[in-house]
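Position 167 of the sequence shown, counting from 1, maps to 167 under full-length UniProt numbering, and the rest follow consecutively.
Hints listed in this document are in silico derivations from the structure and should not be mistaken for laboratory results.
Mixed in with the good hints, there may be bad ones.
[Said to hold, decoys possible] Restricting the straight-line Cα-Cα distance to at most 25 angstroms, the calculated cross-link-like pairs of lysine to aspartate or glutamate (DMTMM-like) are:
| hint | residue 1 | residue 2 |
| --- | --- | --- |
| 1 | Lys132 | Glu107 |
| 2 | Lys116 | Glu59 |
| 3 | Lys72 | Glu107 |
| 4 | Lys78 | Asp151 |
| 5 | Lys116 | Asp71 |
| 6 | Lys132 | Glu59 |
| 7 | Lys72 | Asp112 |
| 8 | Lys132 | Asp69 |
| 9 | Lys132 | Glu88 |
| 10 | Lys132 | Asp111 |
| 11 | Lys78 | Asp119 |
| 12 | Lys148 | Asp71 |
| 13 | Lys148 | Glu107 |
| 14 | Lys132 | Asp112 |
| 15 | Lys72 | Asp119 |
| 16 | Lys72 | Asp84 |
| 17 | Lys116 | Asp69 |
| 18 | Lys148 | Asp115 |
| 19 | Lys148 | Asp111 |
| 20 | Lys148 | Asp69 |
| 21 | Lys116 | Asp151 |
| 22 | Lys148 | Glu59 |
| 23 | Lys148 | Asp119 |
| 24 | Lys78 | Glu88 |
| 25 | Lys116 | Glu88 |
| 26 | Lys72 | Asp115 |
[Said to hold, decoys possible] Each pair of labels, with its calculated beta carbon distance range:
| hint | residue 1 | residue 2 | range |
| --- | --- | --- | --- |
| 27 | Ser94 | Pro149 | 12 to 22 angstroms |
| 28 | Ser70 | Asn137 | 26 to 36 angstroms |
| 29 | Asp112 | Ser57 | 11 to 21 angstroms |
| 30 | Asp135 | Asn173 | 27 to 37 angstroms |
| 31 | Gly133 | Asn157 | 10 to 20 angstroms |
| 32 | Asp111 | Arg174 | 11 to 21 angstroms |
| 33 | Thr74 | Gly133 | 26 to 36 angstroms |
| 34 | Tyr113 | Arg156 | 16 to 26 angstroms |
| 35 | Glu88 | Tyr60 | 26 to 36 angstroms |
Each residue gets a CB set at the ideal place from its N, CA and C atoms; glycine is no exception.
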Amino acid sequence: MPVNVMHNKHFKLFIVSTAMAFASQTAVATTPGLWDGAPASPQQSLQVPENQLLEGSFEYVPLNPIYFDSDKATLTRKGQQALDAASEYLHQHSNIRRILIDGHTDEVGSDDYNDKLSDRRARIVRNYLTIKGIDPNLINLAGMGEHKPVDQNWTRNGRQRNRHVSIYAVHWNR
């Protein structure tokens, strides 16, 4: 059964699949740099304790994106409303095992500046959700900077769509 492995520039590992079952105690990691900065060798194994194995399937559900003004990491009223709806959704689903929050920017500014801005945007969304009662232990953050645009950056509308935070809920279905 294929397993999709997602990682970002910070080398966080998320295993996400719509039909994934753990049948043994060994998971295989083939992405370089995952463990303590050392390159991973092909087929490096990670031992998972028996009591942490899950059988079932995982569903990766994108929630509405949260948009930001240019060069800002503050929530707009629309952003707060979208996060209120996301919080309500997350509270209603007890089978959520992970919440992925990815911050993004447009191309205006340096790579370093945009990386930091995307991190701040992701943190502000996480903080809002935790104030609303979402367990912070479920949340993984990533600042993507300008490196994963959802639209073109040469138009005003394209840049606006790229200034966002994506939220994904990972459901576990038995």
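Hint-by-hint comparison with the structure:
Proposed proximity of Lys132 and Glu107 is contradicted: the alpha carbons are some 31 angstroms apart, above 25 angstroms. Using a Cα cut-off of 25 angstroms, the hinted pair Lys116 and Glu59 is violated, with the two alpha carbons roughly 30 angstroms apart. Simply put, Lys72 and Glu107 have alpha-carbon atoms about 14 angstroms apart, close enough for the 25 angstroms limit, and the pair holds. Simply put, Lys78 and Asp151 have alpha-carbon atoms about 20 angstroms apart, close enough for the 25 angstroms limit, and the pair holds.
Restraint check for Lys116 and Asp71: the C-alpha separation of about 11 angstroms stays at or below 25 angstroms, so the hint holds. Taken as a hint, the Lys132 and Glu59 pair is honoured in the structure, with Cα atoms around 23 angstroms apart against an allowance of 25 angstroms. Annotation: proposed proximity of Lys72 to Asp112 holds, straight-line Cα distance about 15 angstroms (limit 25 angstroms). This hinted pair checks out: Lys132 and Asp69 have alpha carbons roughly 23 angstroms apart, not beyond 25 angstroms.
Using a Cα cut-off of 25 angstroms, the hinted pair Lys132 and Glu88 holds, with the two alpha carbons roughly 9 angstroms apart. Using a Cα cut-off of 25 angstroms, the hinted pair Lys132 and Asp111 is violated, with the two alpha carbons roughly 32 angstroms apart. For the hint pairing Lys78 with Asp119, the CA-to-CA distance comes to about 20 angstroms; that is within 25 angstroms, so the pair holds. Simply put, Lys148 and Asp71 have alpha-carbon atoms about 17 angstroms apart, close enough for the 25 angstroms limit, and the pair holds.
For the proposed pair Lys148 and Glu107, the alpha carbon gap of about 10 angstroms is at most 25 angstroms, so the pair holds. Of the pairs offered as hints, the one joining Lys132 and Asp112 is violated, with about 31 angstroms between alpha carbons and a cut-off of 25 angstroms exceeded. The hinted pair formed by Lys72 and Asp119 meets the criterion: a straight-line CA distance of about 12 angstroms does not exceed 25 angstroms. Restraint check for Lys72 and Asp84: satisfied, since their Cα atoms lie roughly 20 angstroms apart, inside the 25 angstroms limit.
About 15 angstroms separates the Cα atoms of Lys116 and Asp69, which keeps this hinted pair within 25 angstroms; it holds. A distance of roughly 11 angstroms separates the Cα atoms of Lys148 and Asp115; the hinted pair therefore holds under the 25 angstroms criterion. With a C-alpha separation of about 12 angstroms, the suggested pair Lys148 and Asp111 falls inside the 25 angstroms cut-off, and the hint holds. Restraint check for Lys148 and Asp69: satisfied, since their Cα atoms lie roughly 18 angstroms apart, inside the 25 angstroms limit.
Using a Cα cut-off of 25 angstroms, the hinted pair Lys116 and Asp151 holds, with the two alpha carbons roughly 20 angstroms apart. Restraint check: the Cα-Cα separation between Lys148 and Glu59 comes to about 22 angstroms, which is no more than 25 angstroms; the hinted pair holds. Between Lys148 and Asp119 the alpha-carbon distance is near 14 angstroms, which keeps this suggested pair within the 25 angstroms criterion. As the CA atoms of Lys78 and Glu88 are separated by approximately 15 angstroms, the hinted pair is consistent with the 25 angstroms bound.
For the suggested pair Lys116 and Glu88, the alpha carbons sit about 29 angstroms apart, so the restraint of at most 25 angstroms is broken. Distance check on the hinted pair: Lys72 and Asp115 sit about 13 angstroms apart at the alpha-carbon level, within 25 angstroms; holds. Taking the beta carbon of each, Ser94 and Pro149 are about 34 angstroms apart, not inside 12 to 22 angstroms as hinted. As the Cβ distance of Ser70 to Asn137 is approximately 33 angstroms, the hint placing it in 26 to 36 angstroms holds.
Between Asp112 and Ser57, the C-beta spacing of about 39 angstroms breaks the proposed range 11 to 21 angstroms. Taken as a hint, the range 27 to 37 angstroms is violated for the pair Asp135 and Asn173, whose Cβ atoms sit roughly 19 angstroms apart. The hint said 10 to 20 angstroms for the Cβ distance between Gly133 and Asn157, and at roughly 34 angstroms that hint is violated. Between Asp111 and Arg174, the C-beta spacing of about 43 angstroms breaks the proposed range 11 to 21 angstroms.
In this structure the supplied range 26 to 36 angstroms is violated for Thr74 paired with Gly133, their Cβ-Cβ distance being about 22 angstroms. One distance hint, 16 to 26 angstroms for the beta-carbon pair Tyr113 and Arg156, holds here, with the actual separation near 20 angstroms. Taken as a hint, the range 26 to 36 angstroms is violated for the pair Glu88 and Tyr60, whose Cβ atoms sit roughly 19 angstroms apart.
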